[in-house]
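Q: Chains A and B, in that order, are what the protein sequence lines are.
The first sequence: position 173 = 153 (this note's numbering), numbered continuously.
Each position in the second sequence, counted from 1, maps to that position plus 2 in this note's numbering.
In case anyone wonders, no lab produced these hints; they're calculated from the structure.
Incorrect hints may have been included.
Said to hold, decoys possible - Derived DSSO-like pairs (lysine-lysine); straight-line CA-CA distance at most 27 Å:
| hint | chain 1 | residue 1 | chain 2 | residue 2 |
| --- | --- | --- | --- | --- |
| 1 | A | Lys122 | B | Lys118 |
| 2 | B | Lys100 | A | Lys120 |
| 3 | B | Lys17 | A | Lys120 |
| 4 | B | Lys310 | A | Lys103 |
| 5 | A | Lys120 | B | Lys16 |
| 6 | A | Lys103 | B | Lys4 |
| 7 | A | Lys159 | A | Lys122 |
| 8 | B | Lys100 | B | Lys165 |
| 9 | B | Lys4 | A | Lys122 |
| 10 | A | Lys103 | B | Lys16 |
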Amino acid sequence: MSEAIVSLRNVEKRYIRGKQSVDVLQGLSLDIPKGEFVALMGPSGSGKTTLLNLIGGLDTPTAGEITVAGQRLDHLSSGALARWRANHVGFVFQFYNLMPMLTAQRNVELPLLLTRLSASQRKSNAMAALTLVGIADRAKHKPSELSGGQAQRVAIARALVADPTLLVCDEPTGDLDRKSADDVLHLLQMLNRDHGKSVVMVTHDPKAAEFASRVLHMDKGALLEAGTALVQESV
Amino acid sequence: MKFFPLIWATLWRKKTRTIFTLLSVVIAFLLFGMLEIVDNAFSHPSTGVTGADKLITTNKYSLTLPLPLADVQQIRSVPGVAEVTWISWFGGYYQESKNFVFALPVDTDSYFNLHKGEFVVSDRQMQAYRNTRTGALVNSALMKKFGWKIGDKVPLHSTIWTKKDDGSLDWTFDIVGTIDVKDPTQASAQAYTFVFHYELFDEGRSFGKGQVAWFEERVGDPSQSGAISGRIDALFANSPNETKTQPANDFTLAFIKQYGDIGFVLRAILGAVFFALLFLTGNTMMQSVRERIPELAVLKTLGFGDGKVLMLVLAESLLLCMIAAVIGLALSYAALPIIKMGLQGVELSPTALIPGVGVAVLLALIVGAAPALRAMRLNIVDALADKR
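Sequences are here, hints too, so could you generate the full structure?
A: If you want it as C-alpha cells, here you go:
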C-alpha cells in the first residue's frame, strides 16, 4: 500500500449562516494514496466541494484532522496555509478563473511570482508547462482569445507550473463540450500516469469519472458505502 | 518589481475608467501644483531687497498710513543705522490696470547709497537721471515688456496720487536709463521696478506732502538689527506716528498679506478639491476591487497571502495616484510662465511642487486602504462560491 497523500480523520465542517448552523461534513474519514486519481461524485449539496476545499487548504475543518502531503492542515494559520498551497497544490476550476488582462503565459507565471525564480526562469517554466499541456502556441493570447478547452489547458498549466504534488480539480470539464472535456481529462490522466501527480477531481459527469482510478460517492456530508469501504480498506 | 506587470495589467483592466480616473486626478494635481506654486511665492517672497542688513520702518498700525518725512533725521541719529532712505507707494500702471508697474518715488542720493553695489546703472545714465527732473530708471525686463526704450516719454497712471497742477492721475516720465539688479535671485522681484525722483512726486502731488510710506534702513551690524529696530520704534513711541520697524523679509510678507490670507484661501480650495477626489478615486478603487473579487480569490488560492493581496491593491492605488501626480505636477510646472504673467513681481519656484509627491502618496494610501483591506480579508471559499 503506497503512502497516503491525503488523510482525513473524523472531519467535520459546519457553516454558520445567520442564526442557522449547517453541518456539511460529518465525521468524514478518507485516505487517498499518493499517485491516485480520485473522482468525487454526488448530488449538489452533498459536500464534495467543501471536501475539496479542505483537501486543498482553502478552508479549515470545524473538527477532525486533515493531513495532506505530510502536513497537518487543521493546525495551520491562514498565512501558513497560503504558503503551503503555493508549494503543494495546483487548482483547476470549472470556469478556469484566469486573469482576463494577462496573457496565457503571464497567467501561468502567477504562482511563480511567489518563488525566488528570475523573470527568465519564470518565463521558461511557464512555457514548459504550456508545452506540456499542448498549448504553447497560444502563450501570447489573452483568455478572451482562447476557446474553453484551451483556457482550461492554460489553467492546468498554471496549476502544474510550481510542480505541486496534488492537483485539486473542481468540475474541470463542467463548462466544456464533450470533445474538449475528453481532451482535458486525457491530459489530467496523463499528468497522473506519466508525471505522478495525485489528482482529486469533483465531477457530476459519470464519463469524466471513468478517467479516475477510483470513484468516491458522497451524499449528505458523508462518503457512501463504496467509498467508506475503500477508506476502511486503505486504513 | 516582479509584481509590476500584474499590478500594471490590473490597473488597465478597464481602460476607459482608468483613463477618466487618471484625468480627474491629473487635473487635481495640476490645480494643486499651480496653487502650491502661488502659495509658496506668497509665503516665501523674494524681498527685492538684498541682504540681512535692511530694516523697514512703517506706521505701527497700517502700511497704508503715512509717516512724516521729517522722522528721517531722528532715525539717522540712531546708533547702528548706517543709512536711511524713504519711499512712497505710487500704485502705478501703464495704460491698463493689468499692466502693473512697481513705480517708486525715491530720494536719489540716500536710495542709491543704501543700495550701493546692488544695482547696475551706467554712470552716464545715472548722471542723466540726476539731471532730469522727470527722469526715470526702468528695469530692462519692464522696458522689454512694454517695448519702451531710453528717451521715451511714458505716462503712468497712479491709483492714488492726483497731480496738483491738473488734478489728473496721469504722470509722465522720461526714461533715461535702465536699472537692473546684480543678484540674479532678485531679478524676478525687481522685474517691474520703475524709480523716479521723490522731489518731483512730492511737489507734484495734490495731497500728502512731506509724507512717506516707509523708511528703509541699512544697519552696520546685522546681528544688532533687533536692538536697532527697538531703538527706532522707541523714538516714536506715544507720538502721533508710532512706528514698526522690522526686517525687510517680514515687511514684504506683511505687504502681501494686505491682500488677505492667501495661503488659507488656497489651502481651502485645495482641501475641497482633494476631498472630492477622495470620494471619486476611493469609489473607483472600491468598484475595481469589487469587480475583481473572484480574481483576488484566485490569487489567494494560488498562495498569495493576505499581506501580499493588501500590498497589491495598495500598490495599484499608489501607481494610479503617482502617475497622475507626476503628469499633473509636470503640467503645472509647464504652466509656470502663464502663472508668472498673472503674478507680476512675485518669485515662483518649481520646488513648491515637491510636497505634491507626498500628497500623492497620502492620497493613494487613503483611497487604497478600504479596498485593500477588503481584498485582504476576502474569504476564498465565499469569493469563489459564485464563480468556480
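Q: Which hint numbers doesn't this structure obey?
A: 1 and 2
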